[in-house]
Amino acid sequence: MPAEWNERTVAHLLRRVGFSATQEDIKFYLGLGKEKSIDYLLNYEAIDDSEVEKIIEQSKLNLEKLIGIAVEWLIRMVYTKRPLQEKMTLFWHGHFATAFYKVNEARLMRNQISMLRRLALGNFEQLLLEVSKDPAMILWLDNNTNTKGNPNENYARELLELFSMGVGTYTEEDVKEVARAFTGWTVNRRNNYAFTFDERKHDFGQKTILGQTGPFNGDDVVRIVAAQEATSRFIPKKLFEFFVYPSPKSSTIDRLSQTYKSSNYSIKEVMRAILTSEEFYSQKAFYALVKSPIEYVVGTLRMLKAKLATGNAGELGLRDIFTTLSAQGQILYSPPSVKGWDPGLAWINTATLLERYNYANSLVTNRSQRGSSIDPKALLAGAEVQTSKQVVDYFLKLLGIYDADETTRNQLKKYLEQNDDGTKGKFTLNHETIDKKIRGLIHLILSLPDYQLN
Amino acid sequence: MTVSRRDFLKATISALSLPLAMKHLPESVLGQTPDRILVVVEMMGGNDGLNTCVPYTDKLYYEYRPSLAIPEAQLLKISDRIGLHPALAKFKERFDKGNVAILQDVGYPEPDLSHFRSRSIFHRADPTTQEYFEQPGWLGKYADIKLAATNNPLSVVNLGDGKNSQSAPSSLLGEKFIPSTINSFELYQFQTDSKYPADRNNKLSAFKKTNFVTNDAEFSFIAETGVDAVESAERLQAGIKKYTPQIEYPNDSLGTQLQMAAKIIAGELGTQIIYTSYGGFDTHANQKQEHHQLLESFSLSVDAFFRDLERLGKADRVLLMSFSEFGRRPRENGSQGTDHGTAGPMFVIGNSVKGGLYGKLPNLAQLDRVGNLQYSIDFRAVYATVLRDWLQVDPTAVLGAQFENLGFIK
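These protein sequences, in sequence, are chains A and B. Sequential numbering of the first sequence, starting at 1, is according to the working numbering. Sequential numbering of the second sequence, starting at 1, is according to the working numbering.
Treat the hints loosely; a few may be bogus.
As the list claims (entries may be wrong) - Derived pair list, reagent style EDC-like, types lysine to aspartate or glutamate, alpha-carbon separation capped at 20 angstroms:
(1) 436(A) x 193(B)
(2) 208(B) x 417(A)
(3) 209(B) x 403(A)
(4) 268(A) x 254(A)
(5) 208(B) x 405(A)
(6) 307(A) x 25(A)
(7) 307(A) x 193(B)
(8) 339(A) x 248(B)
(9) 238(A) x 279(A)
(10) 195(B) x 421(A)
(11) 90(B) x 389(B)
(12) 195(B) x 420(A)
(13) 102(A) x 252(B)
(14) 354(B) x 389(B)
(15) 314(B) x 252(B)
(16) 195(B) x 25(A)
(17) 102(A) x 290(B)
(18) 354(B) x 193(B)
(19) 426(A) x 290(B)
(20) 268(A) x 7(A)
(21) 209(B) x 279(A)
(22) 339(A) x 198(A)
(23) 36(A) x 7(A)
(24) 208(B) x 403(A)
(25) 195(B) x 432(A)
(26) 413(A) x 193(B)
(27) 133(A) x 198(A)
(28) 59(B) x 368(B)
(29) 208(B) x 420(A)
(30) 436(A) x 80(B)
Unchecked claim - Partial list, derived from the structure: chain B residues whose beta carbon lies under 10 angstroms from chain A:
(31) 150
(32) 151
(33) 289
In case anyone wonders, no lab produced these hints; they're calculated from the structure. We put the beta carbon where it would ideally sit given N, CA and C, even for glycine.
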């Protein structure tokens, strides 16, 4: 049975389409109702997001550097009013995974992400075409060296294997022929690395690709590939697994594949089908995913209304976030390989968990003005809570945990009541306990297994 | 059918149903370092085997590689047919001492040219793998059999270089056992509020009691990994203090990881499997310089590692094995690079190794349809030899089938 439209459901939706819900978000979407909320999230162009541009401008970032463009994107994720746009952009970044460590040009990396953001819910064929012409992608997968008579298969293979159809749905011959079709698709280093088609390096001969024969160019390949049955299943399945839960039934993918085809490859329509599906609101979907480091960090900052060092000191102040993301295993603009980041429990190991716990500790215990910090007293303002039980329940909910076990609640309550020597004391909410126990409680909640799930 | 990890682990965890509190064995059991330690080095991206162990008497080699072939005069010859890449000088010294087995032309039937699939095949020792996350890797299976009962999360350690955090490779995934991943020793400890140190024990206790095993496998996996992390961190910090650096390692990814490995071995933490990896081998373009650096790093890092172990008196207990997901295509491409290939060499190094060249020379005259090498040694035979003669377990139990013993271990 699908879940009813309540706080828990809104929190679930916002964890998936964005980076968790603040209390204000929950009130807003609860008031809007389910259908209107989904429309609102999907039609994000209509939402004024100029505030975030202002924050970025004031932060005086150096956009020629990796740290600068990474911080810029983090600011967008934290402050945007268009959560789905940033989440989709992150999805495509993991899908068309291109990394700074080979491209070495922050500007090109940033341009690629801007393109992904612009087409995030657009037409998949157009997206694939622009990706194929994207300078960072061309350098990343060596298509600048793919020339007539000397094909380089790197882009061709990943286009079929990872970007559209999936492994096992094409032949090695197809890879070679696709590589020929993309010969001469290169960048002009003397013109700011702009995409250019070099006729002299292009192989104009006949090619046979996925059963069709012709003097194909890269545009033809993209057209042919976008229309493949394999693509109509691979892309919606990957979206479903990113937004809902792993290993959906094949009947679910049949349905989404139909939507992909009947909407002329509209990503927005596939997403609408996913966000309105019964599966999305099924019990099975709740907390079925593992938070990625970015979801963990950005979601935490948002729900705790963390104060970030933006403005002039933006880059410096957010450096700690960049560092922790790296240690947690997810650096923006630097996926580990062209396959992107592996989802689910692949995020979890002893090192990455320790880093999550330690980042949480440094955020909640930072009492200085540098870096990011929280104000536990402000978080309690307006909350009608007094007893240790009420405080525990309040913070669990504030951090999106609606299904905590009774054992968990009791242990957290016990922590609040404990004296330093471990004996049971009495918990009263006051200046000292807020500084000590509330900060400690938040650290413990951020270290719960419940909190690692999305 | 693919099983979700949730269902998969649910079955195993409830079968174990060990409350975490019961997992703790006396320190005396945990502190025993096993006699034999295996260190794996994964070269990620597909190492160009033909330019690593060069068949310098084969004319086709020079024909296929007009810009990349290494002139005979520059090679470090180890037989009348094979010369090593000039960056492998230190490695050659060890080969000459008889401590290195070079397995030539290692691969598997119906090779896959995808990095990810081929990597997965090597990790799971299964050329038919469906690559679902739940399928255990070969070392994970080994750990399930031999190490799960120790309940020591540090018995299998996956290392990173502190810059690029490496998630645990599929090789190490088991059904009953969670390996420890350590990217940097400095970061590997559970921190609490420094303003209230007296509250730390309360926090640690609450942390452990809220990270419990339930019938939800994902939740349990996270909880168990979390408790392992916090507990093993304390032991690790104490253990690595036993090491004082004296040997200089290359200041790069592999050098960093192998020095970490030496510290762990010196710390006697009960570690038996140490996994390291470094990338950059996907040399589609301008490979000369890059490949040189990667091999040089291997040669110097491995040399430093064994000298360190010799100094620490632990060298006899360590076997190092390297592999890459595939070799590269014999014919170079138009970008002074090479595309994805198939068979390539594997190295096994240690005092217990019967050094020498094993297997056939790559046959450049008989390539497959794509223009790639046909393998002569199945990589699973290398695993089988290591499993039986070094790790002392029945290889069939891990690999699911019998493979030839290659006899490279004394």
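For each hint, the structure was consulted:
1. 436(A) x 193(B): holds, 8 angstroms
2. 208(B) x 417(A): holds, 17 angstroms
3. 209(B) x 403(A): Holds: residue 209(B) and residue 403(A) sit about 17 angstroms apart, inside 20 angstroms.
4. 268(A) x 254(A): Satisfied, since the Cα-Cα distance of roughly 17 angstroms is no more than 20 angstroms.
5. 208(B) x 405(A): holds, 14 angstroms
6. 307(A) x 25(A): holds, 18 angstroms
7. 307(A) x 193(B): holds, 19 angstroms
8. 339(A) x 248(B): This hinted pair is violated, its Cα atoms lying about 35 angstroms apart.
9. 238(A) x 279(A): Holds, because 15 angstroms separates the two Cα atoms, which is no more than 20 angstroms.
10. 195(B) x 421(A): holds, 16 angstroms
11. 90(B) x 389(B): violated, 26 angstroms
12. 195(B) x 420(A): holds, 13 angstroms
13. 102(A) x 252(B): holds, 17 angstroms
14. 354(B) x 389(B): holds, 12 angstroms
15. 314(B) x 252(B): violated, 23 angstroms
16. 195(B) x 25(A): violated, 33 angstroms
17. 102(A) x 290(B): holds, 12 angstroms
18. 354(B) x 193(B): violated, 54 angstroms
19. 426(A) x 290(B): Violated: residue 426(A) and residue 290(B) sit about 64 angstroms apart, past 20 angstroms.
20. 268(A) x 7(A): Violated, at roughly 25 angstroms.
21. 209(B) x 279(A): violated, 33 angstroms
22. 339(A) x 198(A): violated, 28 angstroms
23. 36(A) x 7(A): holds, 16 angstroms
24. 208(B) x 403(A): holds, 19 angstroms
25. 195(B) x 432(A): Cα-Cα ~12 angstroms, so holds.
26. 413(A) x 193(B): holds, 18 angstroms
27. 133(A) x 198(A): Roughly 12 angstroms between the alpha carbons, so the hint for residue 133(A) and residue 198(A) holds.
28. 59(B) x 368(B): Within the cut-off at roughly 19 angstroms; holds.
29. 208(B) x 420(A): holds, 17 angstroms
30. 436(A) x 80(B): Violated. Residue 436(A) to residue 80(B) sits at ~73 angstroms, over the 20 angstroms cutoff.
31. 150: violated, 16 angstroms
32. 151: Where the cut-off is 10 angstroms and the nearest Cβ of chain A is about 14 angstroms from residue 151(B), the hint is violated.
33. 289: Residue 289(B) check fails; min Cβ-Cβ to chain A is 14 angstroms, beyond 10 angstroms.
In this structure, the hints that do not hold are numbers 8, 11, 15, 16, 18, 19, 20, 21, 22, 30, 31, 32 and 33, in rising order.
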